[in-house]
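Participant: Chain by chain, the residues:
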Amino acid sequence: EAQVTQNPRYLITVTGKKLTVTCSQNMNHEYMSWYRQDPGLGLRQIYYSMNVEVTDKGDVPEGYKVSRKEKRNFPLILESPSPNQTSLYFCASRKQTDTQYFGPGTRLTVL
Amino acid sequence: AQKVTQAQTEISVVEKEDVTLDCVYETRDTTYYLFWYKQPPSGELVFLIRRNSFDEQNEISGRYSWNFQKSTSSFNFTITASQVVDSAVYFCALGRGDGANNLFFGTGTRLTVIP
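Those protein sequences? They're chains U and A, same order as listed.
If you read the first sequence in the working numbering, its first letter stands for residue 6, the second for the next number, and so on.
If you read the second sequence in the working numbering, its first letter stands for residue -5, the second for the next number, and so on.
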């Protein structure tokens, strides 16, 4: 089954404790992205990647890191999480200008 | 600049009523893509439709229909004979036609269908 998977689905952590949210797709898509969803703001792009070892900042990259060592994986790293990073996070992937498909979401709470 | 406006924050309808969700977009691109996604209470984002800027033909899929009008920069979504399962947040999004990876989302419309 073609899909984008994210782990964990739910995470509660404390300020400053490094964490990684994994994202994996099995569709051989070149493009992958991370978005965060906040009430009243819709979804905003954090980082994106156009292929292996090619990443770039989206609209709200501060406080986040990503890597793309393999085509299928695109982890999101929070080196020192803060409460303002409490949000619902989505990973997405697509081929070129095709439709973007989203993972199930990761609900992160930073205390 | 790219922008999507969904002016309706919340809508409530009684089951079997028709409902239209509005979406207005701004872009200077001549080639672009428009999308609708559904986010049910479970939280995932479900793709509904994708249109490119060169295809203004309206589309119908079962109880769903979409009205794309470039003259008013609108891409409205109508649900006919609404059902409780249609209760969700609906997002309209704009994608650039040059392959740039960003989707610009509206702030969403929360639809509640009352049985």
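In case anyone wonders, no lab produced these hints; they're calculated from the structure.
Given the structure is predicted, the values throughout are model-derived calculations rather than measurements.
Among the hints, a few may not be true.
Beta-carbon label-pair distances, calculated as ranges [unchecked claim]: (1) A/I5 - U/V19: 44 to 50 Å; (2) A/Q63 - U/T18: 28 to 34 Å; (3) A/S36 - U/G68: 24 to 30 Å.
A few chain U residues facing chain A, derived, Cβ under 8 Å [what the hints assert, rightly or not]: (4) L46; (5) F95; (6) F107; (7) P109; (8) G110.
Using N, Cα and C, we set each Cβ at its ideal position, and we do this for glycine too.
Participant: Compare the structure with each hint and give your call.
Facilitator: Verification of the supplied hints:
no. : hint                      : verdict
1   : A/I5 - U/V19: 44 to 50 Å  : violated (39 Å)
2   : A/Q63 - U/T18: 28 to 34 Å : violated (46 Å)
3   : A/S36 - U/G68: 24 to 30 Å : holds (27 Å)
4   : L46                       : holds (6 Å)
5   : F95                       : holds (6 Å)
6   : F107                      : holds (4 Å)
7   : P109                      : holds (5 Å)
8   : G110                      : holds (5 Å)
Hints 1, 2 from the earlier list are contradicted by this structure; the remaining hints agree with it.
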